[in-house]
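This is what each chain is made of:
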Amino acid sequence: MTKLTLAERILSSRRATQQLSHGDDGPVQPGDLIEVAVDLILANDITAPIAIREFGALGVADVFDPEAIVLVADHFTPNKDIASAEQASIMRTFAREQSIVHHYDVGRVGIEHVLLHELGLVVPGDVIVGADSHTCTAGALGAFATGMGSTDIAMAMATGCVWMRVPETIRVDLHGELNRWVGGKDLILETIGRLGVSGATYATLEFGGPTLAGLSIDARFTIANMAIEAGAKAGLFPADETALAYLKGRTSRRVSEWSADPDAAYARRLEIDVAAIEPLVALPHLPENVRPVREAGSIPIDQTVIGSCTNGRLEDLRIAAEVLRGRHVHPGVRCIVIPGSPQVQLDAVREGLIEVFLEAGAAVSTPTCGPCLGGHMGVLAAGERSVSTTNRNFRGRMGSLDSEVLLAGPAVAAASAIAGRLAHPEEVLT
Amino acid sequence: MTMSGRIWVFGDHVDTDAIIPSRYLHTSDPAELARHCMEGLDADFPHAVQPGDLIVAGENFGCGSSREHAPLAIKAAGVGCVVAKSFARIFYRNAINIGLPIVACPDAVSSAAADGQQWHVDLESGLVRNLTLGTEADFEPFPPFMRALLRDGGLTAHTRTRIATGELPRRKARR
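Taken in order, these protein sequences are the chains called A and B.
Per my numbering, the very first residue in the first sequence carries number 1; after that it's consecutive.
Per my numbering, the very first residue in the second sequence carries number 1; after that it's consecutive.
Hints are not guaranteed to be accurate.
[To be verified] Not close to chain B: a few residues of chain A, all C-beta gaps over 12 Å, as computed:
| id | residue |
| --- | --- |
| 1 | S13 |
| 2 | P27 |
| 3 | I82 |
| 4 | R108 |
| 5 | R180 |
| 6 | P292 |
| 7 | Q343 |
| 8 | V349 |
| 9 | G352 |
| 10 | G420 |
| 11 | T430 |
[What the hints assert, rightly or not] Simulated coverage check for chain B against chain A, where a stretch passes if three residues somewhere in it have a Cβ under 8 Å from a Cβ of chain A:
| id | segment |
| --- | --- |
| 12 | 58-70 |
| 13 | 73-82 |
| 14 | 98-106 |
| 15 | 113-119 |
| 16 | 130-136 |
| 17 | 143-154 |
Keep in mind that the hints were calculated from the coordinates and are not lab data.
Computed from a predicted structure; not experimentally measured.
Ideal Cβ placement from N, Cα and C applies to all residues, glycine included.
Model the full assembly from the supplied sequences, consistent with the hints where possible.
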């Protein structure tokens, strides 16, 4: 019997119609063009308006399943200008007309890749497509989740299916124990640093190895989230005890463990000794420009952003608060903390984390993607530099073409906010 | 399907923020997006690009976000085809889906490629010709499924036909 990677197992189980490349009905193989039945379809206030326009051109009246579509107004909300308000309005009207169950608007909205899992909308073995490149975050729960464009999403909304090329799988095995102040962000930066920003293009990253047993679900979300930054189609974790424990009480759907077949065939294997990893930073202007923070030199900064779909979960805020507690943000730095969802924000209030941030001189925002993509709530001027827990440091990503973004985890971002320059947490925790 | 035109040359890892910066994503109007196309790399491009011009680039063109605004901006700017050494996955899908021809042809993209050269691309036979230098390179033609998709003018028109003929059944709701 063919041994399958996790991605191949999921896609084999969710094949909708005949293969587009050949007529074989056996398990899928890398390179096959297939049509896949999707379980969940995601779009946001930037990508949904185009999807809605294309849906309208299809000649069908209704979406295939109003419960399978999730519309999240998270990018330019609370609306930053009139044009953004019009886009959110297009999405709101469509949601009402189509009786979309999962439409999330200001007050109930979180960043989509934080909100989706928190609400229990993803279970292992699902196929999820989203008009947002970071849809791959759901791979942390053993779902095959991938980003696509608006037109793909429109077709999926109408038919419940998408076309897909079955990806090769690159296996990443993590060994050893994490050092203090090293988290999910450092593990994925290390992975991207080794693979390069196009090293996993068209492929799936499948994470495994002994380190997983002690790796939190929030760290896994961070890792899966940035699979796209190596070019990957998806970033998958096995649905193990950690994933099932997270899902307990969140969903009424049947939940089961999913993993790759032992001895599955991988296109490539990467072994990472996590004990050798120190807190890392990705320097401008590509996420592959990865260095240990201690070796990056003294780099002055103007801003830090702690949040985003990459690092806006409770564990991230706890780490940032641990560093910031009883200390003060450097007078030359604007430190912006953005909880990823209303639940994360509420939990952070109840745990006293928000108090820690405010006392330290940080600003705390309502959930939004905002500054990560240079939208609002922390856009950079020419000559400015930000240490951010976000996911992209392309030139101009957070504002002016002459600004810079350094990517790091919440511990480094918080330490840098205090030091006024890129800093290792141990430099400020004296 | 063939395209001929003057080329604009860009480097590796041209990201979607460079193709169309996020600050313009509050609109999905193709004409408006075209006014800022490639602004992140070349402020003159949106003003100087002519209908039929081609974009030539290195590795991983279109990396970054899933924004369909990126190929929409390029198409609306009048660019006939993008030839690159390789493409980021989502950009590749998006371009095909909206009917913007793109070609991965590493052999065609060398240091000899220069702004202003005349290039010719033949999608059916899989050939890129540098008319200025008189060189040519092959690429793997699209599989039949993608050719049909491009011939129909993109995924929306293609899917509309398949739904209307009953070739593509619509799934029922889960509950």
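Hint check:
Annotated as non-interface, S13 (chain A) keeps its C-beta farther than 12 Å from every C-beta of chain B; the closest such distance is 15 Å. The beta carbon of P27 (chain A) sits about 20 Å from the closest Cβ of chain B, which is more than 12 Å, so the claim that it is off the interface holds. Not every beta carbon of chain B lies more than 12 Å from that of I82 (chain A), the smallest distance being close to 9 Å; the non-interface claim is violated. With a cut of 12 Å on Cβ distances, R108 (chain A) stays outside the contact zone with chain B, its closest approach being about 22 Å.
With a minimum CB-CB distance of about 32 Å to chain B, R180 (chain A) clears the 12 Å threshold, and the non-interface call stands. Here P292 (chain A) stays apart from chain B, with its beta-carbon at least about 23 Å from theirs, past the 12 Å limit. At the 12 Å boundary, the C-beta of Q343 (chain A) stays outside the reach of chain B, the nearest C-beta of that chain being 25 Å off. The beta carbon of V349 (chain A) is kept farther than 12 Å from every beta carbon of chain B, the shortest such distance being approximately 30 Å.
Against chain B, the non-interface label of G352 (chain A) holds: every CB pair exceeds 12 Å, the least being about 34 Å. Listed as outside the interface, G420 (chain A) is consistent with that label: its C-beta sits roughly 27 Å from the nearest C-beta of chain B, beyond the 12 Å cut-off. For T430 (chain A), the non-interface assignment is confirmed: its Cβ lies about 38 Å from the closest Cβ of chain B, beyond the 12 Å cut-off. Counting residues of the segment 58-70 of chain B whose CB lies closer than 8 Å to any CB of chain A gives 9, which reaches the minimum of 3, so the coverage claim holds.
Counting residues of the segment 73-82 of chain B whose beta carbon lies closer than 8 Å to any beta carbon of chain A gives 0, which falls below the threshold of three, so the coverage claim is violated. Given a C-beta distance limit of less than 8 Å, the hint that chain A covers the segment 98-106 of chain B is violated, as 1 residues qualify and 3 are needed. With 0 residues bearing a CB less than 8 Å from a CB of chain A, the segment 113-119 of chain B misses the requirement of three and the coverage assertion fails. With 0 residues carrying a beta carbon less than 8 Å from a beta carbon of chain A, the segment 130-136 of chain B misses the three-residue requirement, and the given coverage is violated.
Coverage of the segment 143-154 of chain B by chain A holds in this model, with 3 residues showing a Cβ closer than 8 Å to a Cβ of that chain against a need of three.
Taken one by one, the earlier hints fail for this structure at numbers 3, 13, 14, 15, 16, listed in ascending order.
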